[in-house]
Amino acid sequence: MEHPTPSRRKFLAATANLASAGWIAMNWPQIAAAAEHAGHAGHASSDTTAPPATLKTLTAAEAAEVDAIANQIVPGGATPGARDARVIYFIDNALGSFFAGQLPAFREGLAEFQSAYAAKNGGARFSAAPEAQQTAWLQQVDKTPFFTAVRRLTVLGLLAWPKYGGNHDNLGWKLIGVEDNHSWSPPFGYYDTDYAGFQPYPGTKPYTAEGAV
Amino acid sequence: MDARKTYKTSETVDFVVVGSGASGGIMARELSRAGHSVVVMEQGPRMAPQDFEHDELKYRLLSGITNSPITNPQTFRSDESKTAERMEGRNALTYARIVGGSSAHFNANFWRLHEIDFIEGSRWGPIPGADLVDWPITYDELEPYYTKVEWEVGVSGLAGASPFDPWRSKPYPMPPMPVKSSGVLFERGGRKLGLHPFPAPMAINSVFYKNRPPCVQCGLCGGFGCEVQAKSSSVWTVIPEAEATGKCEVRSESYVFRIGMDRGGRATGVHYYDRDRKEQFQKARAVVVCANGAETPKLLLNSATSGFEQGLANSSGVVGRYLMFNKGGGAQARFEHPLNEYKGANVTRVIHDFYDSDPKRGFYGGGGFDARSGGPLTWGQSVPKDTPAWGPGFKEYLESYTYWMNCSGHGTSLPQATNRVDIDPELKDDWGVPAIRVTYKDHPDDVKHANWQVQRAAEIMDAAGAKQIVAEPVGEARGGVHLLGTCRMGNDPQRSVIDKYHRTHDVRNLFLCDGSSMVTSGRGQPTQTIEALAFRAAEHIARFARANEI
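As they're listed, the protein sequences go chains A and B.
Note that the first sequence covers residues 82 to 294 in the working numbering.
Note that the second sequence covers residues 2 to 551 in the working numbering.
Each hint should be verified, as a subset may be incorrect.
What the hints assert, rightly or not - Each computed BS3-like pair below joins lysine-lysine, with the alpha-carbon atoms no more than 30 angstroms apart:
1. B:LYS442 to B:LYS429
2. B:LYS386 to A:LYS224
3. B:LYS442 to B:LYS9
4. B:LYS442 to B:LYS193
5. B:LYS6 to A:LYS255
6. B:LYS386 to B:LYS442
7. B:LYS284 to B:LYS6
8. A:LYS286 to B:LYS193
9. B:LYS171 to B:LYS6
10. B:LYS442 to B:LYS83
11. B:LYS211 to A:LYS286
12. B:LYS386 to B:LYS284
13. B:LYS149 to A:LYS286
14. A:LYS137 to A:LYS286
15. A:LYS224 to B:LYS442
16. B:LYS361 to B:LYS449
17. B:LYS59 to B:LYS279
18. B:LYS59 to A:LYS224
19. B:LYS501 to B:LYS149
20. B:LYS59 to B:LYS429
21. B:LYS284 to B:LYS468
22. B:LYS149 to B:LYS279
23. B:LYS59 to A:LYS244
24. B:LYS386 to B:LYS59
25. B:LYS211 to B:LYS6
26. B:LYS361 to B:LYS6
27. B:LYS59 to A:LYS137
28. B:LYS449 to B:LYS468
29. B:LYS171 to A:LYS286
30. A:LYS224 to A:LYS137
31. A:LYS255 to A:LYS137
32. A:LYS224 to B:LYS83
33. B:LYS171 to B:LYS501
34. B:LYS442 to B:LYS501
35. A:LYS255 to B:LYS468
36. B:LYS59 to A:LYS255
37. B:LYS442 to B:LYS468
38. B:LYS442 to B:LYS361
Derived by calculation from the structure, the hints in this document are not laboratory data.
Produce the complete structure using the sequences and hints provided.
So this is what it looks like as structure tokens:
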């Protein structure tokens, strides 16, 4: 902890601008620890347990199919997709722990998905098919509960904390434009950059603890 | 803090307060400051600042700090003719199950009720299917306590900015929070339409106040605890102050499941499960239940005993009835440039032009609007109509996250006797305590008003220059987080559960104060009212105690 992370330094600076020096001195260790711990990847990266990066629940064959579906839901290319964000490790982790209750239905859905695909394609595996063929097949099954479940897990895996296995290297957050930080200060976005201040309405007299504004 | 006061269960304390949230925390502070011995019972654990995380998955989807549908399940049905069933992955009624209660995870929107909220029964007369009545108190009676909340608990805002504000005796102690892009756009659209957007009153420190720092604009308020303690949650405000009296113990992981009664019809204390799930009994001279609009009626109904066969304090049959949520409708809008709504406290601008109900609309209902945002994980789960749900088109949508905002309407829910919390005939929770059954169906006017709000929100976003607006019809409510009305206050013991001082009509030393006390729903942000009621109730309860009238 003697070498504060950049985000922590930024947090300290932001807080120091606003709070009294005496208060900071008294409360800093506790607040800093809380912010550090509560942060996004600040937490994940300081966590001693590495995010799951091996399969523990699904078989390799099952995972290959699910990974192929996930990567059609959020495809890679010019920007990272589900595969780059290692969403499959999130899905595997989720189905083996906090969503374990969903595993039997998920497996059943996957088996049906596979056998339906194989029946129409001479016993082939979905994950081995060319992209265009995968897309065409998914268009036929994208209303099934199984596809809906994979879609939900894919989005969660993309955007949940990296410690759950997905969102590798914050790729999911980067994709949607979210920077990983503990604290922010104005301006937050494009439209508040040049805000002129609140103009009172005729007939109103806004006032604060210091008096009229 | 190292030597917090503790009491033995065999000691008869002056008060047991059940619940440590918005009202329970205030009750504990006020009663202990008045010199009484107080034990606060909290179902959930006590979390230190460093225990709170910005983990959207855990907090929003895995019941990280809320009542879990796995360990604390409920059932739901839309009307009495149906068999209530457990809902997939969630409970109908959600609250934070930690020290600080829902004040620990709220968004911190602090709207006072307006004068009209207290007198709508006489203003509008009977509404078919509803039981809209006046409160037994007025805005004028509650005003000093609203002010007390703002100064004692800590609220930022700009007094006098909204032409629709009720009168106030003092300004806010802190200036408003810095505006976000959503607030700027919302204000631009609102002003263009001749409306009056104003800086949002928030129970979040905008400056250093009461030994707590200002908000660091992390962006995750609703659903999360505030680890920097800038959010004015009971756990950072009144709870430590109650403990500082040396008269108050906050007993966490202590789940009260029955109120003890003697043959004379007086409460004797509370039966609870301790952290080892061992049954205990804490003796008390009086009991104040501040457990929220779901857990308070559940506790009373589960406390049925000889002489109180329908449940405690339920001679009226009204306990658990008139459940209200705050129905509302809004729109999402996409703009040309990034707003970055994931940064900064949730809400910065509010519109109250449509607060009052207006018979010209053809239905009862009123409310307010605000500019707000959702966390990325929640946002990514659904797509607007006509946006692909997967593939390159969906990815493009995901990439537009920072360009979106919500214009949200918050409004009235009518009190209906058929909407209720009662006890499921079969389901029990992990402790073996009979579980909540919810019966709820929106009043037709609630749905009409919510959909009317959707149209207004779309107009505001259009006037703000939105490139795309998503304004979809609002469906029937199947649960909520504003848990209101289930032990309503009133002068008539046959039609209400508590009197205007929060004493139950039936049991002299049993008081209730939380969202369940509310007679009408208000317009969407109930916490400041719950806290004002708590300050007022505590003053009266302390007065009764001094006069030996408990």
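Review point. Are LYS224 (chain A) and LYS137 (chain A) close enough, with their CA atoms no more than 30 angstroms apart?
Key: Given that 30 angstroms is the threshold and the Cα spacing comes to 28 angstroms, the pair holds.
Check your understanding: Quick one, are LYS59 (chain B) and LYS137 (chain A) close enough, alpha carbons at most 30 angstroms?
Key -> 21 angstroms, holds
Practice item. Assess, step by step, whether the Cα of LYS286 (chain A) is no farther than 30 angstroms from the Cα of LYS193 (chain B), and give holds or violated. Key: 21 angstroms, holds
Review point. When you check the alpha-carbon spacing of LYS211 (chain B) and LYS286 (chain A), does it fall within 30 angstroms?
Key: At roughly 27 angstroms apart (the allowed maximum being 30 angstroms), LYS286 (chain A) and LYS211 (chain B) satisfy the hint.
Exercise for review: Decide if the proposed pair is consistent with the structure: LYS59 (chain B) and LYS279 (chain B), CA atoms, cutoff 30 angstroms inclusive.
Suggested key: Since the Cα atoms of LYS59 (chain B) and LYS279 (chain B) sit roughly 28 angstroms apart, the hinted pair holds (cutoff 30 angstroms).
**Study point:** Restraint check for LYS149 (chain B) with LYS279 (chain B), where alpha carbons must lie at most 30 angstroms apart
**Key:** Violated. LYS149 (chain B) to LYS279 (chain B) sits at ~39 angstroms, over the 30 angstroms cutoff.
Exercise for review: Decide if the proposed pair is consistent with the structure: LYS449 (chain B) and LYS468 (chain B), CA atoms, cutoff 30 angstroms inclusive.
Suggested key: 27 angstroms, holds
Check your understanding: Quick one, are LYS386 (chain B) and LYS224 (chain A) close enough, alpha carbons at most 30 angstroms?
Key -> 15 angstroms, holds
Practice item. For the pair supplied as a hint, LYS224 (chain A) and LYS83 (chain B), confirm whether the alpha-carbon distance does not exceed 30 angstroms. Key: Holds, at about 29 angstroms.
Practice item. Verify the proposed pairing of LYS59 (chain B) with LYS255 (chain A), using a straight-line Cα cut of 30 angstroms. Key: Holds. LYS59 (chain B) to LYS255 (chain A) sits at ~21 angstroms (cutoff 30 angstroms).
Practice item. Quickly compare the C-alpha distance for LYS255 (chain A) and LYS468 (chain B) to 30 angstroms and report which way the hint goes. Key: The given pair, whose Cα atoms are some 23 angstroms apart, holds under the 30 angstroms limit.
Check your understanding: LYS361 (chain B) and LYS449 (chain B): Cα distance at most 30 angstroms?
Key -> 13 angstroms, holds
Hint violations for this structure: numbers 3, 4, 5, 9, 12, 14, 21, 22, 26 and 37, all remaining hints satisfied.
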